[in-house]
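Here the structure of chain A is known, so what remains is to put chain B in place on it, guided by the hints.
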Amino acid sequence: MKKITRQKIIETVKKLYMDAAVYLQEDVLMVLTNAYEKELGLAKELLRQIIENQKIAASEKLPLCQDTGIAVIFVEWGTEVIYEDGQPVEAFNEGVRQAVKEGYLRASVVDDPVFERKNTKDNTPCIIHFELTKGDKVKITLAPKGAGSENMSALRMLKPAEGLNGVKAFVIETVRKAGGNPCPPIIVGVGIGGSFEKSAILAKKAILRKVGEPSKHPQYAQLERELVKEINELGIGSMGVGGNITALAVHIEYYPCHIASLPVAVNIQCHSARHMEAEI
Amino acid sequence: MKKIDTPLTQEIVETLHAGDLVLVNGYVYTARDAAHKRLVELIKDDLPLPFDINGQIIYYVGPTPPPPGKVIGSAGPTTSSRMDGYTPLLLSLGLKGMIGKGQRSEEVRNAIKKYKAIYFLATGGAGALLSHHIVSVEEIAFSDLGPESIKKLLLKDFPVVVAMDCYGKDIFK
Chain A
1 MKKITRQKII ETVKKLYMDA AVYLQEDVLM VLTNAYEKEL GLAKELLRQI IENQKIAASE
61 KLPLCQDTGI AVIFVEWGTE VIYEDGQPVE AFNEGVRQAV KEGYLRASVV DDPVFERKNT
121 KDNTPCIIHF ELTKGDKVKI TLAPKGAGSE NMSALRMLKP AEGLNGVKAF VIETVRKAGG
181 NPCPPIIVGV GIGGSFEKSA ILAKKAILRK VGEPSKHPQY AQLERELVKE INELGIGSMG
241 VGGNITALAV HIEYYPCHIA SLPVAVNIQC HSARHMEAEI
Chain B
1001 MKKIDTPLTQ EIVETLHAGD LVLVNGYVYT ARDAAHKRLV ELIKDDLPLP FDINGQIIYY
1061 VGPTPPPPGK VIGSAGPTTS SRMDGYTPLL LSLGLKGMIG KGQRSEEVRN AIKKYKAIYF
1121 LATGGAGALL SHHIVSVEEI AFSDLGPESI KKLLLKDFPV VVAMDCYGKD IFK
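Chains as they are written, first to last, in this note's numbering: chain A, 1 to 280; chain B, 1001 to 1173.
The following block holds chain A by itself, in its conformation from the complex (with noise of 0.2 angstroms):
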């Protein structure tokens, strides 16, 4: 058994929030910096904006984007981990202020979605998804997501006989209704299956591959690809000026599912990919 405590879960959290704010990962620029040799016209200019950004984020400790998001947080808790500091949450979210605080991030939430929508100021609550794991260790990954690219995500429950098909279609029509506004070139997360809130869960996940690494399953590595491709000729572009490339890379995530369903839902994720992790 071992011990954590609710400053290291902060101290973690804290540092987290606060790099993924402002440093790209490798996977993220590497695809970023392929699109810009690739395209053409305005998109390129755009492009060439957005990977000057990223230096000068990294080299200013600037927010990426000024949409510093809402904190979502998935979390592997193991089973041989001893918590003796009251309610985990607390710390998760704790250690959110204090990014905020120190690391000069945007407060992005609102207490109460209809009514008062009156802002927390600390960014809190964060959102986040507890799953128990073998071990003594609690992995933490955090992706800060903005609301420009979740926005313009999308969640139908298809009928079986829709099968394949359906599953393309749904994904193409929200990638290409959402157009400029999510921010392209994007990442698009697929979830498969599961139930209503599973198959969000599987999309939200999907986003956090690296990116580009295909599904382990042959024939999802190929809807993937199909998709990638067909995503590609709506030819949206880099923020919607039309271009050669509008997806950085489609992932997909399966789960099985109930013999009448057919969840798909698709969360899509702006070309400033953000997620850290870490394990305690």
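Check before you lean on any hint, since a few could be wrong.
Claimed, not checked - Below are the DSSO-like pairs computed for lysine-lysine, each with C-alpha atoms no more than 30 angstroms apart in a straight line: (1) B:Lys1002 <-> A:Lys55; (2) B:Lys1044 <-> B:Lys1152; (3) A:Lys177 <-> B:Lys1114; (4) B:Lys1156 <-> A:Lys44; (5) B:Lys1156 <-> A:Lys55.
Everything labelled a hint here was simulated from the structure, so no lab data went into it.
Same frame as chain A, but now just chain B:
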């Protein structure tokens, strides 16, 4: 690359065409969802606006707080279409330009043509780079809205693309 100064005049607007790369210089005002809602409420109640919108540009942005030694934090555009419902009224009162990202409604496109205005696209997710083109910041209204308050920004060679021009051309179409 064209350089323009604010406030905008019809003459300036008429020189701009969808797809042009433009550097904006001069003062612009920030406003996004909550500030637009309040501006429109003031107009409906026949109350004065916190700034004279005639010939001005509104930049759809909610920046991050300025770290020590900087006038502003990361400051890129937010999605413009959330403001579509408010825009034709503001254009009818003299607003000349907007900076944001993403496509707009047909009503906005028609109003831009009717009132000889302009819609610029700035690069979304390039907030650190764009902050280098913001020289000064003064909060002028709705400070209780935090990142959504109205601020007067002084821009220097702020890079944008003409997304919709006064001739009805739309880069997203």
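Now the hints, each set against the structure:
With a C-alpha separation of about 26 angstroms, the suggested pairing of Lys1002 of chain B with Lys55 of chain A holds against the 30 angstroms cut-off. For a cut-off of 30 angstroms, the pair hint linking Lys1044 of chain B to Lys1152 of chain B stands: about 23 angstroms separates their Cα positions. The hinted pair formed by Lys177 of chain A and Lys1114 of chain B meets the criterion: a straight-line CA distance of about 26 angstroms does not exceed 30 angstroms. Our distance criterion of 30 angstroms between C-alpha atoms is met by Lys1156 of chain B and Lys44 of chain A, whose separation comes to about 23 angstroms.
Of the pairs offered as hints, the one joining Lys1156 of chain B and Lys55 of chain A holds, with about 20 angstroms between alpha carbons and a cut-off of 30 angstroms not exceeded.
Hint check: no violations occur; every hint is consistent with the structure.
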